[in-house]
Structures are given as structure tokens and as C-alpha cells.
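J.: If you want the building blocks of each chain, they are given just below.
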Amino acid sequence: MSAGRFERLGTYGVLMAFSILAIYPILSILFLALHKKTDLVTGFAVPTHLELSSFKAAWTEGRFATGFKSSFIVAATVTVVSAVLSIGTGYAFGTMRFTGDRIVFPIILLGLIFPYEATVIPLYYDFQNVPLLHINLLNTYWALILPQIGQSVSFGTFWMRAFFRSTPRSLIEAARIDGATSFGVLWRVLLPQARPAVMTMSVLVFVYTWNEFLLALVLVSGSQSHQTAPLGLSFFAGATRAGDPTKVAAAAVLVAAPILLVYLFLQRHFVRGMLAGAIKE
Amino acid sequence: MSAEAGPAGTAARPGGSTAPGAPRRRLLRRREDAPGVPRNIGWLYVLPGLAFYVLFTLAPLLHTVYYSLFSWDGLTGKVYVGLQNYRDAIVDHELIWSFIHSGVLILFYAVIPVTIGLLLTAALTRHQVRGFRFYRTALFLPQLIAGVVIAQAWTWVYDDNGPLNRGLRLIGLGSIARPWLGDFTWALPSIGMIGTWVTFGLCMVLFVAGVQKIPSSLYDAARVDGAGAVREFFAVTLPGLRGEVLVAFVLTTINALRSFDIVYNTTAGGPAGQTLVPSMYMYQNAFLYNKVGYAAAIATILAMVIFGLAAIVLRVGGDRSEQA
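So the sequences go chain by chain: Y and U. Take the first sequence: its position 50, counted from the start at 1, is 34 in my numbering, and no numbers get skipped. Take the position in the second sequence, starting the count at 1, then add 99; the result is the number in my numbering.
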């Protein structure tokens, strides 16, 4: 009995240790951010009082008002559009059979393991002079929005298909017998139940889009007013770290803050989405 | 696995995940066929989403392959060179090293986290853990933070005057304290540890969720048979987690191979190319050295490696190993 209790204590100890390990790097940069340059912080830098001057300085010097605006525009647009598109594709693959569906679905699934790094070179050159349209999309929000919608549709399709497949067939059949069109079935019968699934998908897509870096680096580096928050952080860190690490730390905390807030409030969506997404693959 | 563990061992495959018998497979097939009546109106719902996917991910990938057949500086005219970029690539030491670095990163991003995840899960399955949600919140956190932010946090942790070195000096190991990311030998493992930190929580939460789907009767049976913690792990837990382990390996390996954000924002490939990875090298060639065709060849090789590895892991690990 006492051996069992000892074992149990060990389990909790190990869990606690790893949990602290998972949080510590984030905590350490928060600690650093709560100082100012003249504190000359080293080591663990546990703050003794609330010093927010680094946050204020980082916000203005790093132009994060602009960065946040860009990131919100891009992430919100990608989230909403890809949700609408994925509801459509998921509905079709989950409840219907049509010519070629067995070929097209695996191709879309490929997007789950897709090396998106391998697409940035043509995106850069094609957006400079879009074929047929002859417009320049480089350094615009479109350059970030369009490819990320394309990327998000993969996960969205996979996710919504799983949801629509899990809804009782009798529900759909009953509605059809009542004469509902395919859109009527989706809009009036299925979507009202799909709200949690759509929410989970949207939360994940929003976070991925908010965090994206390489596309922003390649496609909007040339326009300060279109830089996303992570890109702004990268530039700010490169220019400022040697001079004042506390400001860079504050900037990093700022960029992570919206995601952390969303995580705290909508945690179950993250866990459910990422686990199910991984397991059902 | 010894004969003793046999009964539990064979029974520990819920959902017929590893029973390769023909009838079972046909059953699965039929279920796959089932959804929906034939309605070509489905295309109407698929086309808009498919269009974005094809235009902005598939087409650019193919376009990359096309570019890789040219010598091009991005400004003046392209010159068709056939497979010359690939011939250059296979003898390019920097590129070869970048893939070796990726191999090392796979150890840190995939092998170590999966192992840690399994060990912890084994410890957890012996009895019910209260308050796992709290730990889960913490363990999942690194997954959600932007790579750029992670890079800033760890740059501080690894800093000459940062928490890690301070900790080492405190416990009398000051002699090994160093600016880790600037160290010729230690920069790559240091980046690897960042990857371990990012992925181990995901692995753990994934496995713990998976264990909960293993019927507890299997554990009871194992315990009645007198199986200890180790035997129980190999006879029940590990076979039951096959699908999860497989998925974790695929996801984390791909993470390791892609790993651009963190490398770019910590070492940018330095010192002296010690942390150069293929995606970083591709970026440099395309946008700094103006060797666009060559960069496209690197991107193509990277894509093939990723698709190839995913195919191998899924093929080796699973004849339909998913249970969901």
C-alpha cells in the first residue's frame, strides 16, 4: 500500500516537473519583459515589481499596432473563408458520393503533410505579376490570405467530413423525403448541430494563421504597413536584441498574448481539435 | 513479447487494427463505401474549396518542380538546364550537411518526444491521475505558440547570462555554461531541444488520450497474469497505442524537416552553417543568392523527402492502423 502511494506521488512529481518544463521558457521571457534595460537582468530574472515600460516601448517602436491589425485582418479572413469552403467540401465528402470523390479526397488530405515551404518561390514570383490578370499582389494582404485559405482547406475538409459522417443518416434522409434540397439539408438540418465542430476548426485555423511566418517573410516583407505581428517581431528582434533584450521579450509576449488568451478560454477546442485531427488521420 | 503475454498481447488490438485477415479488411472497405447516395451535386460543394487548394498549394508545388529545371536569377530570362540543378545538389556539401542536420533534428523532434511521451504514459496508466486537465493545459501550451515567439524565448533561455547558464552555475556546473546557440558543437542540439520542448507535450497528451480507449479488461487480464509495469507496457499499452505512435512520428518528423521559423529566428543557420537546414538553405538560395532554379530544386528534394518519409512510416507502421 505504501509502495503504491509512493509510486503515485512519483507520478504526480514527474507530471508536475514536465508541466513546469513546458511552461518555463514562456514564463522566463515574461519575467524578462517585466524589467527595463537599466535593470541589467541576468539569470532567472524573477521580477520584484510590475514594470511595464518595456511593453509600452516595444508596442510603439516595433509598430505592433500595425502588426496586430494586419494579423487580425489576415487571420480572420482566412478563418471565415476557409470555414465556409470546408463546410462545403466536408459536407460533400461526408454525405455524398460523386464521380471522382475517391481520387479528389486523398489529394486534399495530402495537404495535411504538405511541405508548404516548397510553394513560396512560385508564390513570390507569380504574385508579382499574376498570370492572366497582370496585377501585383506582392506586399498586400491577398498575398497572405489566398495561399493560407488553400492550406487551411485541407484540415477543414478532413475535419468537417469527419463531423458530417458522424451525423445520423436518418436525419438527412428524413429531410430529403420532406423535399429539402441538398443546400436545405446542410443549412437547416446539419449546420445547427455543427456549431461546436465549426468552432474547433475555426479556432485552430485562426491560431495557425496568426502564427505563420515564412509566407509573411517572403510575401510582405517589402511593405511595413502589411507586416504581420510575427514578422514584425522577427524584424524588431533582429534590430533591438543586442541593445535591449527586455524590449524584445516584451514584444514576444505581446505577439503570443492573443493566442494565449484564446487558449485559456477555448482550451477544449484546441485539445479536441488537435487530438482528433491527429488520431483520425 | 513472451508466450506468457500472448493472450493479452493478441487481445490488445481493439478495432482489429492489426488483424490483416481478408474478411476484416473487406468489412472496413464496405464501411468506407457507405457514406451517401451518389449525387454529382457534391462537386458543387467541393469545387470552391478545391479551387483554392489547387491554385495556391498544388499548382505552386508543381511550379516549383518546373522552376527547378532552369538556371534563373529571378530577374533575367530563364535558361533551361534539365537536371543540372539536381546534379549540382547531390554534390553540394552544404546541402548534404543540411539534410544531415535535419536527421539530427528528427532525433530531437520525433524520437525523443515519442519516447518521453510513451514513458510518461506508461507511468500514468498504472493508476488514475486526478487533475490531468491541469497538466494537459500546461503540456499543450508549446504547440500553440508562434515559432518566432518560441525562438525569442529560447534565445533568452540559452543566453550567456540567461536562466540555463545561471542554473548551471548555481549547481556548480559553471564550467559547461556557454552561449549555447553560438557554440559550434552545441548549437544544433540546442535547437533540437527546442523541438523536443515543442512536441513532447503533444505526444504525451495524444498517448494518454489513446490509452483511455484501450479496454480496461486488457489491463485487468495482464494484472491477473501477474504482469509487472514493464510487461504490461509492452503487452497492452504499446500495441494499443500503435496508431497514435505512428501519427506522432509522422507529424513530428515532418515538423523536424520543415523547421524554418525557429532556425531562422535563432541562429539563421549559424554559427558557420552548423544549424543550416534544407528549408533555410532554400530560402537563402532563392532570396539572398538569387539562385532561384537551384532553390526550387532544393525545395523539390525536400518535398520528395517529406512525402517519402511519411509514406514509409505509414506503410511500415500501419496496415490500416487507425482505430478512430
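Everything labelled a hint here was simulated from the structure, so no lab data went into it. Heads up, a few of these hints could be off.
[Stated by the list, open to error] Estimated spans, in silico, between C-beta atoms of each pair:
| # | chain 1 | residue 1 | chain 2 | residue 2 | range |
| --- | --- | --- | --- | --- | --- |
| 1 | U | N389 | Y | V64 | 16 to 26 angstroms |
| 2 | U | G372 | Y | L117 | 34 to 44 angstroms |
| 3 | Y | R86 | U | F406 | 40 to 50 angstroms |
| 4 | Y | S205 | U | G372 | 39 to 49 angstroms |
| 5 | Y | T165 | U | F406 | 54 to 64 angstroms |
| 6 | Y | W171 | U | V404 | 35 to 45 angstroms |
| 7 | Y | T44 | U | G273 | 36 to 46 angstroms |
| 8 | U | G407 | Y | R149 | 44 to 54 angstroms |
| 9 | Y | T83 | U | G230 | 20 to 30 angstroms |
| 10 | Y | V64 | U | Y179 | 20 to 30 angstroms |
| 11 | U | R186 | Y | V114 | 27 to 37 angstroms |
Ideal placement from N, C-alpha and C gives every residue a C-beta, glycine not left out.
J.: Which earlier hints can't be squared with this structure?
T.: Hints 1, 3, 4, 5, 8, 9 and 10 are the ones this structure does not satisfy, whereas the remaining hints hold.
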